[in-house]
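> Here are the chains, one letter per residue:
2 protein chains.
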Amino acid sequence: MATPVYSETRTTPQRGRPRDASRDDALRQAALEVMAEVGYRALTMDAVAARARAGKATIYRRWESKLDLVIDTCTQLAQQNLAEPDTGSLAGDLREFLAAFAAFLSGPSGKAAQALVGELPHEPELASAFRETFLTTQRDVLRGILERADGRGELRPDAPRGMAVEIAGAALIYRLMLTGDPLDVPFVDRVVEQVLLPLVAKGQ
Amino acid sequence: MATPVYSETRTTPQRGRPRDASRDDALRQAALEVMAEVGYRALTMDAVAARARAGKATIYRRWESKLDLVIDTCTQLAQQNLAEPDTGSLAGDLREFLAAFAAFLSGPSGKAAQALVGELPHEPELASAFRETFLTTQRDVLRGILERADGRGELRPDAPRGMAVEIAGAALIYRLMLTGDPLDVPFVDRVVEQVLLPLVAKGQ
Numbered sequence: 001m002a003t004p005v006y007s008e009t010r011t012t013p014q015r016g017r018p019r020d021a022s023r024d025d026a027l028r029q030a031a032l033e034v035m036a037e038v039g040y041r042a043l044t045m046d047a048v049a050a051r052a053r054a055g056k057a058t059i060y061r062r063w064e065s066k067l068d069l070v071i072d073t074c075t076q077l078a079q080q081n082l083a084e085p086d087t088g089s090l091a092g093d094l095r096e097f098l099a100a101f102a103a104f105l106s107g108p109s110g111k112a113a114q115a116l117v118g119e120l121p122h123e124p125e126l127a128s129a130f131r132e133t134f135l136t137t138q139r140d141v142l143r144g145i146l147e148r149a150d151g152r153g154e155l156r157p158d159a160p161r162g163m164a165v166e167i168a169g170a171a172l173i174y175r176l177m178l179t180g181d182p183l184d185v186p187f188v189d190r191v192v193e194q195v196l197l198p199l200v201a202k203g204q
Numbered sequence: 001m002a003t004p005v006y007s008e009t010r011t012t013p014q015r016g017r018p019r020d021a022s023r024d025d026a027l028r029q030a031a032l033e034v035m036a037e038v039g040y041r042a043l044t045m046d047a048v049a050a051r052a053r054a055g056k057a058t059i060y061r062r063w064e065s066k067l068d069l070v071i072d073t074c075t076q077l078a079q080q081n082l083a084e085p086d087t088g089s090l091a092g093d094l095r096e097f098l099a100a101f102a103a104f105l106s107g108p109s110g111k112a113a114q115a116l117v118g119e120l121p122h123e124p125e126l127a128s129a130f131r132e133t134f135l136t137t138q139r140d141v142l143r144g145i146l147e148r149a150d151g152r153g154e155l156r157p158d159a160p161r162g163m164a165v166e167i168a169g170a171a172l173i174y175r176l177m178l179t180g181d182p183l184d185v186p187f188v189d190r191v192v193e194q195v196l197l198p199l200v201a202k203g204q
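Residue numbers (UniProt numbering), protein chains in the order written: chain A, 1 to 204; chain B, 1 to 204.
Be careful, since some hints might not be right.
Note: identical chains are not told apart, hence a pair may lie in one copy or across any two.
Stated by the list, open to error - In silico SDA-like pairs for lysine to any residue, Cα to Cα no more than 20 Å straight-line:
id	residue 1	residue 2
1	K202	D24
2	K111	H122
3	K66	L120
4	K56	D25
5	K202	R156
6	K202	S89
7	K66	P121
8	K111	D184
9	K202	D158
To be clear, the hints were calculated from the coordinates, so they are not data collected in a lab.
Turn these sequences into a full structure, and let the hints steer you where they fit.
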């Protein structure tokens, strides 16, 4: 059996970053939890290390700075949680994706995102990274849903696609961060039935 | 000429809070600016006093705590800036109100609101006060706009009013706090033309 190139148990130091995926995931999870509790500005590598029961050196071998760690955490979370649905219908795809997105936002990721948002004006690098990972990923999924619906002939020719994509994200984020009203499946259904389908679907 | 009951120049102390309105406004303005810069948690009465070139005792005579000061600041700002429009048409009222709301959010009030939002999960008293002032006021104005439009026969009978009100607020807040895209009159016009009128107006 071949020895894994990267392994938690290796005894000789290696050049570059270790790649133990589950260890990295545990560190990112710790970063997410600390961020949800104290925000970005107050997050320290020490606190993340303590939460993950890891040495600070372990973290610094993998990420150069807390910005690097936070950006990588956001990127991974977006990739893992904002998957493209493919139910075969516009209504089905919108429901499936927005319900998954609402569930994602209702957990620690949503709390972390909320903690970050207040700091974006003072942290330009964080702001652009947050937009490029979290926002762009969900927007791209929504655009893909509308494109596939168009390919099936489900969209009105004059459908305001860009606005529909923006409103879908806005509706969920506003509940999460401002009103505090439930971000649940009944709400997602209302957004789809009362707003998105009437705006973009044929024959509405 | 009658001596004003409350005056900045009075020499004898009075029971209760002083009511010099322009002085109070200057203190609230200072609170708003400090909040926009450092958020709620890091705001101190000392910093507000220094910004307003006032004594800390002056602030404490008027507001018992920083929570009291911040809530009063939000309430006054909402009352002064979120006025009901009355242009005589649904489209006109929506445009006028949302353009004013967008301008309000684009200034220091928007920055302060953004700084507060990240702290709402950890500050339940602040959260309920923020919702009761800032959110309720703009929602009530939007509800009033739809009600008057209904009185003039401009609304569809099945118009999803609650959802339209929520989406209008969400669209503006999402730009302000998340995407960073311009919160300007062309955007407001698109929200009105592409989203709100199609959802609620007759004959769309």
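> Hint numbers the structure violates, sorted upward?
Those not satisfied come down to hint 1.
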